[in-house]
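Colleague: Chains as they are written, first to last, in my numbering: chain C, 1 to 84; chain X, 1 to 193.
Hints are computed from structural coordinates only; laboratory data are not their basis. The structure displayed is predicted, hence computed values, not measured ones. For every residue, glycine included, the Cβ atom is placed at its ideal position computed from N, Cα and C. Do not rely on the hints blindly, as some may be mistaken.
[Unchecked claim] Simulated DEER-style distance windows between Cβ atoms: (1) X/VAL159 x C/ARG19: 19 to 25 Å; (2) C/GLU12 x X/TYR155: 45 to 51 Å; (3) X/THR176 x C/GLU52: 38 to 44 Å; (4) C/ILE58 x X/ARG33: 14 to 20 Å; (5) X/LYS171 x C/ASN26: 28 to 34 Å; (6) X/LYS160 x C/ILE58: 31 to 37 Å; (7) X/PHE64 x C/GLU12: 33 to 39 Å.
[Stated by the list, open to error] Short, incomplete list of chain C residues facing chain X, as computed with Cβ under 8 Å: (8) ARG19; (9) LYS38; (10) ASN40; (11) ALA42; (12) ASN43; (13) LEU44; (14) VAL45; (15) ASP46; (16) MET64; (17) GLU65; (18) MET67.
[Claimed, not checked] Keeping only pairs whose Cα atoms sit at most 25 Å apart, straight-line, the calculated BS3-like set for lysine-lysine is: (19) X/LYS26 x X/LYS10; (20) C/LYS38 x X/LYS21; (21) X/LYS26 x C/LYS71; (22) C/LYS80 x X/LYS21.
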Amino acid sequence: MNKEALIVSLKEIVKPYVRNDEGFANLTEETDFLNDLKINSANLVDVILDIETAYDIIIDNESMEKMLTVKAAMDIITSKLSEK
Amino acid sequence: MTGNDIVDIKVAGKESNWKRKGFLEKIFTQKERICITEAIDSKQMVWTLWSMKESAYKAYTRQFGGRFFAPQKINCTLLSNCKGSVTISEVSYETTTLITENYIYSVASNSKTIIEHLVSHCFLYKNDDYKIQQLEIYQKIINRYAAVTGKQTKYLAVVKNVNGIPSVHCKSEKSTIPVSISHHGHYGAFIIN
Chain C
1 MNKEALIVSL
11 KEIVKPYVRN
21 DEGFANLTEE
31 TDFLNDLKIN
41 SANLVDVILD
51 IETAYDIIID
61 NESMEKMLTV
71 KAAMDIITSK
81 LSEK
Chain X
1 MTGNDIVDIK
11 VAGKESNWKR
21 KGFLEKIFTQ
31 KERICITEAI
41 DSKQMVWTLW
51 SMKESAYKAY
61 TRQFGGRFFA
71 PQKINCTLLS
81 NCKGSVTISE
91 VSYETTTLIT
101 ENYIYSVASN
111 SKTIIEHLVS
121 HCFLYKNDDY
131 KIQQLEIYQK
141 IINRYAAVTG
151 KQTKYLAVVK
161 NVNGIPSVHC
171 KSEKSTIPVS
181 ISHHGHYGAF
191 IIN
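Next comes chain C alone, as it looks inside the complex (with noise of 0.2 Å):
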């Protein structure tokens, strides 16, 4: 998947969860889930459980530690993909 691609399927997974309508117009990949969307915390969760299904991967705690951002999610997903 291009990068491109990635983000916008990555918008749709975060949209339900996002408290900043401005952030997510202006979504890039260094948009912060916490600070720039104001997801809260135990949102993020979702998030990642939402990655999870629609990606058919595993994240792993020690990739989820570092999921705080946009480019940090595409990263990993990236990489689990890859390791498929």
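Since chain C is already given, all that's left is putting chain X on it; use the hints.
Modeller: For chain X alone, kept in the frame of chain C given last:
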């Protein structure tokens, strides 16, 4: 170092389905999950342990810097209904949790004496828009700090550092005092250290 975390119970019920497959496993250690299963009110236990973890995480990141999302690395032990102990990478925090009908509020501190002397303020927001809530809590903090210290509110501002950690800044004295802020749903809380 202190940290706080408030959970609006009704809003948490709407926002999160803690019974969702994999949810508890991602957040809680095996020991904590047993605690949840055996609790009379499992939902209340989920949010009690969550607020303990979050409050200790805030105290930890304030002390050591950095950010991470590793709820399983934050180990909670409940010592009574309201007292607990939380360990993050061998650093221990004492926690006190207040459970009411509407919210669960935890305060973590690495010093027992500090926690007994902390004055925390919990309140109900008028509005549920986070931007308006932020302005409201900042104003409450400034007013409270001015009332305690006798400083004029016009010299005070709440500022955040690069990691998003807030402080009260006094422009006339160029001093900063750490403040812990938490809001969720309709409830807000702060501690001025």
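Colleague: Hints first: check each against the structure and report whether it holds.
Modeller: Hints, verified against the model:
Separation of X/VAL159 from C/ARG19 is about 22 Å and conforms to the stated range, judged on CB atoms against 19 to 25 Å. At about 47 Å, the CB distance of C/GLU12 to X/TYR155 agrees with the hint of 45 to 51 Å. A beta carbon spacing of about 41 Å between X/THR176 and C/GLU52 agrees with the range 38 to 44 Å that was offered as a hint. C/ILE58 and X/ARG33 have their C-beta atoms about 19 Å apart, which keeps the hinted 14 to 20 Å range intact.
In this structure the hint that X/LYS171 and C/ASN26 lie 28 to 34 Å apart at CB holds, the actual value being about 31 Å. In this structure, X/LYS160 and C/ILE58 meet the distance hint of 31 to 37 Å, their C-beta atoms being roughly 35 Å apart. Evaluation of the 33 to 39 Å hint for X/PHE64 and C/GLU12 yields a pass: the beta carbon distance comes to about 35 Å. Checking C/ARG19 against chain X by beta carbon gives a least distance of about 6 Å; that is within 8 Å, so the hint holds.
Evaluation of the C/LYS38 hint against chain X yields a held restraint, the C-beta minimum of about 6 Å falling below 8 Å. Of the supplied interface hints, the one on C/ASN40 holds, with its beta-carbon coming within about 7 Å of a beta-carbon of chain X, less than 8 Å. Taking 8 Å as the C-beta cut-off, the interface hint given for C/ALA42 holds, the closest approach to chain X being about 5 Å. Of the supplied interface hints, the one on C/ASN43 holds, with its beta-carbon coming within about 6 Å of a beta-carbon of chain X, less than 8 Å.
Proximity of C/LEU44 to chain X holds as hinted, the smallest CB-CB distance being about 6 Å (cut-off 8 Å). Evaluation of the C/VAL45 hint against chain X yields a held restraint, the C-beta minimum of about 5 Å falling below 8 Å. Contact between C/ASP46 and chain X, as hinted, is supported at the beta carbon level, the nearest pair being about 7 Å apart and thus within 8 Å. At its closest, the beta carbon of C/MET64 sits 6 Å from a beta carbon of chain X; the interface hint therefore holds under the 8 Å criterion.
A least Cβ separation of about 4 Å between C/GLU65 and chain X falls short of the 8 Å threshold, and the interface hint therefore holds. Interface hint at C/MET67: satisfied, since its Cβ lies 5 Å from the closest Cβ of chain X, which is below the 8 Å cut-off. Distance hint between X/LYS26 and X/LYS10 is fulfilled; the C-alpha atoms sit about 22 Å from each other, no more than 25 Å. Under the criterion of a C-alpha separation no larger than 25 Å, the hint pairing C/LYS38 with X/LYS21 is consistent with the structure, at around 24 Å.
This hinted pair checks out: X/LYS26 and C/LYS71 have alpha carbons roughly 21 Å apart, not beyond 25 Å. Taking the CA atoms of C/LYS80 and X/LYS21, the gap is near 21 Å; set against the 25 Å cutoff, the hint holds.
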